[in-house]
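K.L.:
If you follow the hints, you should be able to join the two separate chains into one complex; please do so.
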Amino acid sequence: MSQGTLRHRPGVLLALIAAGLVLSLVLATAIGPLMVPPGEIGRVFAEALGILPANSTDVTLRDIVLDLRLPRALSGMCIGALLAIGGSVMQGLFRNPLADPGLIGVSSGAALAVASFIVFGGSIAFLPAGLRYYGMPVAAFAGGLIVVLLIQRLAYRDGRTDVPTMLLAGIAVTAVVMAGIGLLTFISDDTQLRSMTFWSLGSLGGVGWASMVVLAPVAAVVLLLSLRFADVLDALMLGEREAYSIGFEVERAKRVMVLSVAAGVGAAVAFTGLIGFVGIVAPHMTRLLLGAAHRRLLIGSSLLGGLLVVLADTACRVIVAPAELPIGIITSLIGAPFFLVLLLHQQRQGYPGS
Amino acid sequence: MISAANIYRRQGGLAAVSVEIRAGCVTAILGPNGAGKSTLLDVLAGRSRADKGEVRIAGRPVECWRADALARRRAFLPQHAEVAFPISVRELVTMGRAAYRAAPDAALDGLAVEASLRLTDSWHLRDRLYQRLSGGERQRVQLARVIAQLWRPPAQAGEPRMLLLDEPTASLDPGHRLAVMRLVRQLAGEGIGVLVALHDLSDALRFTDEAILLTAGQVKAQGTTGAVLDGATVTEAYGAFAEVVHAAEQPVVVFR
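Respectively, the protein sequence lines represent chains A and B.
Count the first sequence with this note's numbering and you get residues 1 to 354, in order.
Count the second sequence with this note's numbering and you get residues 1001 to 1256, in order.
Next comes chain B alone, as it looks inside the complex (with noise of 0.2 Å):
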């Protein structure tokens, strides 16, 4: 759905990323900090421009996109959100919905902004403005605006979309951190293409199907989770020791 080819970018220092994201699978971008995760999802959704190379999504060029219709089928969460003036939760969900804004169907919008209220565990603050919520209740609100622009009625859930996400679980609690990350399995369960940018290997052991370990803006592994988080590859990318560990049944990443 996105593939993008041999990507440069100089402001970043991305060099020779090639990336192919499938319907319903979920891949991670991980990588030490300023090896260029966000500037490789910013390239993918389109918000900046690749100096070489070609995003194509859906098999159209990225630049050749419409926003509105673009904005239907890839969402994206950005890693750090301000919202300039205050506003209610409920008003910044709906926002989500600008990109039918064309056949504006009020009934829809609402049901997507409750769905996506309830499934981010932010229903109960639908009232309150954003501006006086906690920087993981800001999060999860976030999250529910990207999930709103990408709902569909049952009926459409066919419909091929992508969701982009940039630390998604950067400032949450264990409990909604591992809530978030069954809801991006549950989300390519419907047949959603998802790319997660994650600091916590384990949980992508634990959640991702296939990962893109980027260090000083070079793919340094590439390939299905398990075998590019092997400790020697995250040892030298991250350059602290580390090996994978199996705990209650979960494959870990320890560092020492």
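Extracted from the complex, chain A is given alone in its bound form (with noise of 0.2 Å):
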């Protein structure tokens, strides 16, 4: 009954989710090998932003605080936000609570870029250090994209994207592209094993405000496109051509939603590397605690993504320190469990187009 009323006040709800994203934020600048007081942090804030007059905290506190864990943490932030979102439009386009933005083709394909540059990646050598970088990242980015134009492309017929056809055709696609990356796993050595390991697992140990600089304005742009289409997703519950009916051109708003998905999903791999189930948790969470109304979900849903991520990664920090656990195996660890409830609730609700 509780979760009854509170269900009725979508704004308490969402309110309590940023708080928790703050929250979050907070001890991920807090804890670590090296604890921050929370006053401390304050007084760090204080200092940069000219309040308290300069060389007032300890420098080595102020680095850690400013230049390790607060860039990390809110990267983390974005990087869950932007998964989250992808989830949530891409749970709304294929009409399927399972749906997951690797389904499109953008995982696999930033993947197999990311094997081709650790193998290849030599011949950057002559760019500067400061954009070298941004290799991977772009790299990985426009592998993401291309497998999923490839894929849009496949699925496009008659004048319309095909979602069936998409599906089936980011199956063979990525069956295709995993293909490429077992050749490079052949070919490679092993420093390069093991940094193509690393990647598939995802770990925010190399972002920063370098990243910082690139994933705020793609999360704020991918948040904000999003919400337009938010009416479009909504109506999509009904079905393509129901959502037509009821005076919605779907077809451009597919075509922007899939686009953009991919590069807001590819830009957060791009940084970190696979991330897995939080695409699929935070949506689920969201609607089950504020409704399925694209508008509040996607809200939510990328402040819970942002929280997860956050915390996760804390806890990849934690657990095995000093070393660094990848993010991907806590996700994997607490998301596939989750997943398999959703799995069999969804059998036993009966979920249409299950």
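Mixed in with the good hints, there may be bad ones.
[Unchecked claim] Cβ-Cβ distance ranges computed for the label pairs, FRET-style:
#: 1; chain 1: B; residue 1: Gly1158; chain 2: A; residue 2: Leu340; range: 52 to 62 Å
#: 2; chain 1: A; residue 1: Asp67; chain 2: B; residue 2: His1080; range: 33 to 43 Å
#: 3; chain 1: A; residue 1: Ile171; chain 2: B; residue 2: Arg1132; range: 30 to 40 Å
#: 4; chain 1: B; residue 1: Pro1104; chain 2: A; residue 2: Leu344; range: 32 to 42 Å
#: 5; chain 1: A; residue 1: Leu193; chain 2: B; residue 2: Asn1033; range: 54 to 64 Å
#: 6; chain 1: A; residue 1: Ala142; chain 2: B; residue 2: Glu1063; range: 31 to 41 Å
#: 7; chain 1: A; residue 1: Glu249; chain 2: B; residue 2: Val1252; range: 43 to 53 Å
#: 8; chain 1: A; residue 1: Glu249; chain 2: B; residue 2: Ser1134; range: 30 to 40 Å
#: 9; chain 1: B; residue 1: Arg1066; chain 2: A; residue 2: Gly11; range: 48 to 58 Å
#: 10; chain 1: A; residue 1: Leu193; chain 2: B; residue 2: Arg1066; range: 51 to 61 Å
[Stated by the list, open to error] To spell it out: a stretch of chain A is covered by chain B in this simulated footprint if at least three of its residues, at any positions, have a beta carbon under 8 Å from a beta carbon of chain B; those stretches are:
#: 11; stretch: 59 to 68
#: 12; stretch: 147 to 157
#: 13; stretch: 171 to 179
#: 14; stretch: 198 to 208
#: 15; stretch: 290 to 301
Source of the hints: derived by calculation from the structure; they are not laboratory data.
For each residue, glycine too, the CB sits at the ideal point set by N, CA and C.
P.N.:
Spelled out as structure tokens, the structure:
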């Protein structure tokens, strides 16, 4: 009953999730091999903003907070939001709560590009170091986008993108791409193999302000864009032709949504490698809390996705400190059982399209 | 309002079908399973394209309409309507108002939703989850959605509107079936042009003005419902001996 009454107060729940996100950011900044008490974090911010005089905090502490943990936590938030938005939009488009951005080939395309980059990437050594940092992300982003465009092209027939064909084309193209990755694995040396494996497990170890500069605007644009399509996604619950019948130009919306998911998820995995299950878990939890209407779902799941990734990343840094666990291990460890429960629950409920 | 001339569509097997739907008139689409009733409705609603022939809505070819402008004038009730995610009845019916999003008016939408739910005897279901409803309740709620889509405040009730219904009474109990057919007549009385695919020929005789009888995608008979549904034609179309009798002062089609 209390859940029922809360469900009718989405504003309160959204505020709670947002508060949880802020709390997780504070936690992520505080926790690590060197604990920084929240009061100290406040002092560091005050100093950075010029409220406190310069050098009133410990330099090491300040560097850890401002240059390591904060940008990493904020990037994690953007990445989680992008994965969750990608999941919400894909699920709306495929009318299935188990859909995932991986279906349209973003992840596999990015993985192939990254594997190629790791094996043949010596050739960009001529670039200045500042640009070289973006080499792998750019490769991952481009790879993801190219595969998505290919899959969308294959599913395009008689002036429309056929969603079931897109799903099947996605499976077929992903198989070919995986073969390519297999081939690269075969010819790679041990170091390259290790890099490829770690990339596929995901890690926020490489993110910082340099990635935040890209991720923050991408996350903002993808969120705003997806919100513009919230009512189309609502209408798609009825089916594509029903959405047309109640007054939506579905074709254009579908194309823009697929591309924005590809760009958003592509940007996220570009910096971190693959992070599984956030795109399924965050939207589903949000649907349970706030209902399936997409405006709320998109906002809620982006906050919740951010929260989950920030917490998971904090856990990664702490569990085996001073080493770091790949974040994909944590998200899969928690996400996969959740996915299973969802699957069984769905079978019992008999969702359409399953 | 909707006129279709010489429609062909290979997928669904329509050949040389011409239809005219007029304001205030209820037209039935009849025929055995697979005769092409749903295909014809889809083509007329602009949901799929004819291979040959032209569909005009209010004089303009259907493919030249913007989806939202068209949706304010024509609503379509599909035969099977599944909703992918759990949503409340009120949310679902409110989706019918999406075509008016360019000039949002929450109060008007609220009126439309309430009026439609009351007309379909489903106002009491408004806060239930759609997924938890029975088949018949779902069908009434979906009907409420398409009525909300065409709903106008009384001052604008004169605007031309068309309602296309694909077997709206298929899973309803007799009481609700009659209520829906009476509602269809009532909507036509307000000037809406109605096209309805039906299996119950007695209902067709009782509640519709005109009829198109399809067999294998072709027009078997077309005209006033009474003229279309004579015993011999129905027998031929459905492959079961049929005659029209009168019971309790109602024409009834009896199959033997």
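K.L.:
If a hint holds in the structure, say so; if it doesn't, say that too.
P.N.:
Here is what the structure says about each hint:
Restraint check, Gly1158/B to Leu340/A: a C-beta distance of roughly 57 Å satisfies the suggested window 52 to 62 Å. With their beta carbons about 58 Å apart, Asp67/A and His1080/B fall outside the hinted range of 33 to 43 Å. Distance hint check for Ile171/A and Arg1132/B: the Cβ-Cβ separation is about 33 Å, which falls inside the suggested range of 30 to 40 Å. Roughly 40 Å separates the CB atoms of Pro1104/B and Leu344/A, a value that falls within the hinted 32 to 42 Å.
For the pair Leu193/A and Asn1033/B, the supplied restraint of 54 to 64 Å holds, since their beta-carbon distance comes to about 60 Å. Evaluation of the 31 to 41 Å hint for Ala142/A and Glu1063/B yields a pass: the beta carbon distance comes to about 37 Å. About 46 Å separates the C-beta atoms of Glu249/A and Val1252/B, a value consistent with the hinted range of 43 to 53 Å. Take Glu249/A and Ser1134/B: their Cβ atoms lie about 34 Å apart, and the range 30 to 40 Å holds.
The given range of 48 to 58 Å is broken by Arg1066/B and Gly11/A, whose C-beta atoms sit roughly 34 Å from each other. Taking 51 to 61 Å as the suggested C-beta distance range, the pair Leu193/A and Arg1066/B conforms, at roughly 55 Å. Three residues within the 8 Å Cβ limit are the bar, and the stretch 59 to 68 of chain A against chain B gives 0, so the coverage statement is violated. Counting residues of the stretch 147 to 157 of chain A whose beta-carbon sits less than 8 Å from any beta-carbon of chain B gives 0, not enough to reach three: the coverage restraint is violated.
Judged by the Cβ-Cβ criterion of 8 Å, the stretch 171 to 179 of chain A is not covered by chain B as claimed, because only 0 of its residues qualify and three are needed. Here the stretch 198 to 208 of chain A counts 0 residues with a CB under 8 Å from a CB of chain B, which misses the bar of 3, and the coverage is violated. With a threshold of 8 Å between beta carbons, the proposed coverage of the stretch 290 to 301 of chain A by chain B holds, since 3 of its residues qualify and at least three are required.
Checked against the numbered hints above, the structure violates hints 2, 9, 11, 12, 13, 14; every other hint is satisfied.
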